[in-house]
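Just so you know, we're using my numbering here: the sequence shown kicks off at 1 and counts up by one.
One or more hints might be untrue.
[To be verified] Here are the in silico distance ranges between beta carbons for each label pair:
id, residue 1, residue 2, range
1, Leu436, Lys26, 37 to 45 angstroms
2, Gly464, Asp523, 50 to 58 angstroms
3, Val381, Asn520, 36 to 44 angstroms
4, Tyr185, Gln417, 34 to 42 angstroms
5, Val381, Asp206, 47 to 55 angstroms
6, Phe444, Glu496, 48 to 56 angstroms
7, Leu393, His449, 26 to 34 angstroms
8, Asp206, Tyr185, 15 to 23 angstroms
9, Arg461, Asp523, 55 to 63 angstroms
10, Val474, His449, 44 to 52 angstroms
No lab work stands behind these hints: they were computed from the structure.
Where is the CB? At the ideal position from N, CA and C, for every residue including glycine.
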Amino acid sequence: MELLLNLVIYLPLLGIAGILALRNDKATKWISLVATSATFLLSLPLLFSFDIANSGAVQYLTEGSNIMNGLDIKYLIGLDGLSLLLFMLTTLMGPIVILSSWDSVKKHLAGYYSMLLLLQTASMGVFASLDLIVFYVFFELSLIPMYFLIGIWGGKNRIHATVKFFVYTLVGSLVMLVGLIYTGYDAGAAIEGYKFTTDWRFLSGDGYHIGLVEQTYLFLSFALAFCIKVPLFPFHTWLPYAHTEAPTAGSVVLAAIMLKMGTYGLLRICLPLFPNAFVEFAPYLATLAVIGIIYGALVAMVQKDVKKLVAYSSVSHLGFVVLGLFAFNTIAVQGALIQMINHGLSTGALFLIVGMIYDRTHTREIKDYGGIAKVVPVFAVMFMIATLASIGLPGLNGFIGEFLILNGTFSSEVLPQNAFVVFAALGVILAAVYMLWMYQRVIFGPIKHEENKKLVDLNAREIGLLIPLVIFMVWIGIRPTDFTQYSEVQVQELLESSNEKRVAIQQSANSEELPQWASNLYDVTDELVSKIENQ
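Throw the hints in and build the complete structure from the sequences for me.
Here is the structure:
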């Protein structure tokens, strides 16, 4: 299985080699489809063979040799409860994004499909990496194909969108790199025979503790990069431009996969490595998440461009994920994990649907539609299902994630104010308003434009793209435990071990001299330590 995991990750690169060797447009499409389909099919045994009862342990582990004496940096990949479903979502979306571009992209096909394949490998690498340097390499590698996808195959304002996307994400990544290097040397001093290590297993374990002062700076350096990637308010401004200008496949991958790298990084790295800072900054980041939920919903409500409306809905929906992570309990974190998957399915489907209607009308203005349910009924049904899933209708996937997050946040000891739940719930109401209002204006009413009477309904290829996503929307909505079971054990273990680590660090800090700001921030007192131990 270890060999199979590596094959799945790098199989898209073989597709790139085939594309570059043949240099034929028709062959390029089929090679890309075969490569991504094979990647998905080969990933299924990884899911079926996964030991759910032991999901807290890394499975299918591949551990390479250190790249240099004294530096514990090595090729280290595997899957566990935190990464399995995100990894599988990445393989599932591969053939879907290839087929979504089948007739819509006409120029530089070899380059276009090569970038999509490279992006899939980079995304799978992020979710499978267990060495922070390897994680960082894949994390940065994902920027390159998205840069070209937007910059070459994007809309008329693609250059502005590309530069903004690249500058925002690169700045955050460089700040994270500084924190990563410091963490590596600090951890290396705790291992005999090494002066540098980025092995996640050691860094997240009980044997390595980071002082409160260092934790603060390191947490902020990593969290900045991940919050930009999410993106969390107020770092969100690059996202609507990138989504609007990107080709349909680029928007789908960005929404379904790349944005999850930020929330995944917060859970995978920030929580176990910097538990004290994670908890102390939780109310502040949860506040930004709630602001993003409300802000994204209000801005989406006034959009005239349907694709930009869906883009702003991502800002709102991912605010729920961040809120769930910082609620710091099993229910909320489980909700955040399943909501990452839900957002990938429902918002990915919405971007596919917007792309399909754009290919027919060459406009995304809501005012240019109206009454098309009479002309394209299958399109209207698919659009309705994705819309209802996005707003969290009970029985569909979005409801499960939002319910768990709100439930967990309500009982959170880290976020004691119920105002977080109240305002987040308001975001659910606003989502129903702007999504249903948009759907009503696009689909129902009289046909306002004569050319819309000649629209062609979805063809077999387009229906085939959406059917798998619809199946999972319904499946998760009806039987969520089929999916949450993969992460439940590890989420419980992660929260327990992080809390124990937090107590140990807090106890040791109680006997140290700290700067005044650190003492105030972490409230290092005997009474607090006793309170934490009794939790």
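Check your understanding: Which earlier hints can't be squared with this structure?
Key -> 3, 10
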